[in-house]
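Could you put together the complete structure from these sequences and hints?
Residue numbers (the numbering used here), protein chains in the order written: chain A, 73 to 432; chain B, 73 to 432; chain C, 73 to 432.
Treat identical chains as interchangeable: a pair holds within one or across any two.
In silico SDA-like pairs for lysine to any residue, Cα to Cα no more than 25 Å straight-line:
| hint | residue 1 | residue 2 |
| --- | --- | --- |
| 1 | LYS413 | ARG393 |
| 2 | LYS413 | ASN399 |
| 3 | LYS392 | ILE355 |
Please keep in mind that the hints were generated in silico from the structure rather than gathered at the bench.
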Amino acid sequence: VTSDGYSIGELAARIDADVVGDPNVRITGLGVLGNARAGQLTFLGSPAYRRFLADTRASAVVLTRRDAAGCATNCIVSDNPRLDFARLSQLFDDRPQLPVGRQSTAVVDPSADVPRDASIGQNVVIGARVRLGSGVSIGANCFVGDDCMLGDGTQLMPNVVLYHRVRLGRRCIVHSGSVIGSDGFGFAPDAGGRYETVAQVGGVTIGDDVSVGSCTTIDRGAIEDTVIGNGVKIDNQVQIGHNCIIGDHTLLCGCVGLVGSTRIGRHCVLAGMVGVGSGAGPIEITDGVIVSGLTHVSQSITRPGVYSGGVIFTETRQWKRNALRFNQLDALARRVAELEKRLAAQAGTPENAPDPDDPR
Amino acid sequence: VTSDGYSIGELAARIDADVVGDPNVRITGLGVLGNARAGQLTFLGSPAYRRFLADTRASAVVLTRRDAAGCATNCIVSDNPRLDFARLSQLFDDRPQLPVGRQSTAVVDPSADVPRDASIGQNVVIGARVRLGSGVSIGANCFVGDDCMLGDGTQLMPNVVLYHRVRLGRRCIVHSGSVIGSDGFGFAPDAGGRYETVAQVGGVTIGDDVSVGSCTTIDRGAIEDTVIGNGVKIDNQVQIGHNCIIGDHTLLCGCVGLVGSTRIGRHCVLAGMVGVGSGAGPIEITDGVIVSGLTHVSQSITRPGVYSGGVIFTETRQWKRNALRFNQLDALARRVAELEKRLAAQAGTPENAPDPDDPR
Amino acid sequence: VTSDGYSIGELAARIDADVVGDPNVRITGLGVLGNARAGQLTFLGSPAYRRFLADTRASAVVLTRRDAAGCATNCIVSDNPRLDFARLSQLFDDRPQLPVGRQSTAVVDPSADVPRDASIGQNVVIGARVRLGSGVSIGANCFVGDDCMLGDGTQLMPNVVLYHRVRLGRRCIVHSGSVIGSDGFGFAPDAGGRYETVAQVGGVTIGDDVSVGSCTTIDRGAIEDTVIGNGVKIDNQVQIGHNCIIGDHTLLCGCVGLVGSTRIGRHCVLAGMVGVGSGAGPIEITDGVIVSGLTHVSQSITRPGVYSGGVIFTETRQWKRNALRFNQLDALARRVAELEKRLAAQAGTPENAPDPDDPR
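Okay, here's the thing in structure tokens:
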């Protein structure tokens, strides 16, 4: 970000938007609608915050034409304020960039292909036959195993580990503490219940524009590769087992866990702490599925839609009473069926007594 | 800890406690009540262990006056044995300390402010304009990004990553593998379902006396800071999304996950694997709330108290029968209401037939 | 793996198996049954894949005698194809090995005992009095604290942290990003609700043939050690609290979390995201227990068997209706009991009206 920022007119031009107000005012940073100060750009992302428009001190707000009327300051008019604000926000990202070249303590295998415009941080270790694209940036203390490939513009933040034969596409980012390509959890029990290791000889293939959060783990495939599609966004502390296949433009939120060989379609969203897996074999989730937080996806989902599981929390005293009843539910249902039968018998009519096993 | 330890009298004086027995006996280490040996200090933290008092071989036990009578050894009398044992235990902590000064392979930006009494481990990388307080200790292989501030006496254990603009107060400890200040999970979908990154330009502000476990992640704010109050204790593998605000003296146990913008009050306890988040907007938890393990907090909690969710586990065969019934619960409730109506009609009285939607 | 691999006869001899077909054909790699190519070894692990046998292009398949008849290629006959394939797979593991000796940037304390045949990677830091067994391999950027002991053949992958006094047996592997020996989560509240730290002076003792996944955390004991038995296999992102004791040959799958002082028996399997813990004190799980994914084990398990908890997910609309009813379950059960009483009264018989609190 340049020290004197951008004029509102320049910003609007970048997203092909109209300005209501003074296009010459300069924007030097971002703010949230309720607290933004002069010089800051903000946006109206939800009607719930519309009440802040009348007296915001921001220098500009990205909002829909409908909302522009009630706004106390300059407006950048957008059909999709959240998206357009996202695009503009990137101009104000002031994260430090590694200098181009190799820092003094980096150790790079002579067989690695490192372009002149790549940035290699302190204490980085780069293995044999690694190939880095143009503009790649490898943060301090990263380890990049033999035969890895990183596409143009891909960034590893500090303390990332890539095992051997991990391929990342272009413009990816991997945040600190994440590990890609560690062994899948493959063991075969012998007759005595001791576990023999199944060698994990597959790799990991990751598409373009993928984001991987911090302390996330993506295991290498047992034989074939684990595969992450283009545009997939993965949050922190996510665990992806060996040979999972994740479709393009899918979101995996924080702490999601996928058992090995899970397949997830395109444009899915798995909210926080969702777990996917079953003892009965790999699970497949079709395109366009949304799963709400903490749900256990225990079988395949073949239709797009919104899915949930779990229990609604309450005060422990109440919860306990109901939770104990959960473990009597089948008995309770049978008692209800019995009552229905008796009442029907009383009435003397061959009424449609529900089968206790009929889910209705 | 000195090699010859402390006399019981010295220990008691530190916590302003009485001694029953010989104050001159020396204590050189800690033990658990059932196994403690001569020279060791232990405590009675729960009545369940009272049976060990009569023949403990410990040299001293921290316990209440009431329990002193039945104790076979020297006693340090306390109103709160667990707390006083905690205070005394710190005298016997023999963890290795980094030597003061910079280890040979540390790389410190010349603009960083590193006091003479700070300890900087091997392979540490410290960025521009970092300010370290007196007695700060940075373990091997840590990365401290530009413009971070660490208060007096704060310690980073090996392999911690602080991104830029992370501020930690005084006497904090961050355990290995943790990452503070990584990007929040902010993406805006375009019309085609591709995700645009929302720049994360906020920082992280952490108070005094905060403990962060290992492999925990705390994301930087999108625009404003993520904020952790004073005295907050965070266990391992916890995930704290961008712009969360955690009140003073709150405990977040292992594997807790907080969706971005969650607010948690003071003096709360979230037990292991609790997840807080909802698709309907940020959740706020008031002061003094305790949430039991694996609960999904899916809406705000406005009253102090103890809250739970989830299901009580059983043998799979039984569980399955009841779990299938869970998905018929609404139908079952309607059938019960229907039975009630019929019986009331039989009785010929306009009895108070419950509404099927009445939760009673 | 040698470049020209192994003959089928050599492979069969290693596992004491018969060959059906040509024992001289050479195997140079592994494949999955449906996709294997010439030169590859594969196996039939499940009847579901039997259909691939008739036209597999693999050079050999490990399978049972019964299945050999229908196989289009050479067979290695096994009573336990999955186990024997696991054993053979290890011959084809081509993961890079660190060269023997110390890499240029490793920092090893002079008091450490490092045998000549150990491999120490770049930027490794090894503390005082560490003792490494024969053939130990320590990956780049690892930190090994004072007084650690690693048995013969044990491997740390890059970026692992062992705090002081961690003992690992022989032939263990610890994957990247994992932290062993960090402080247990021990705090005692004072009268004002501020937390005092309980010093964690115990260590960690890990047996032989243990595998620890990536980004897994195992805390040191408060006073005595945290103990992991022989042959235990731990997946990624597992959290093991202080003073847990895990029996031999137990499997902890991804994201499992164990509250401090949990005891788990031998030959158990805890599936993904299982959480073990309770506010009421430590939990003990006996030998031979299997717990299915995402179950909350909230009390001790004294009989071997298969256990489950949680709710079966559905479409959110349906789920919500049933989930709301969950919180009325106790009331519903009481209504059913009331109906049963009334019907019994009508019938005029002292029928066995179930007690509403009787779980039947």
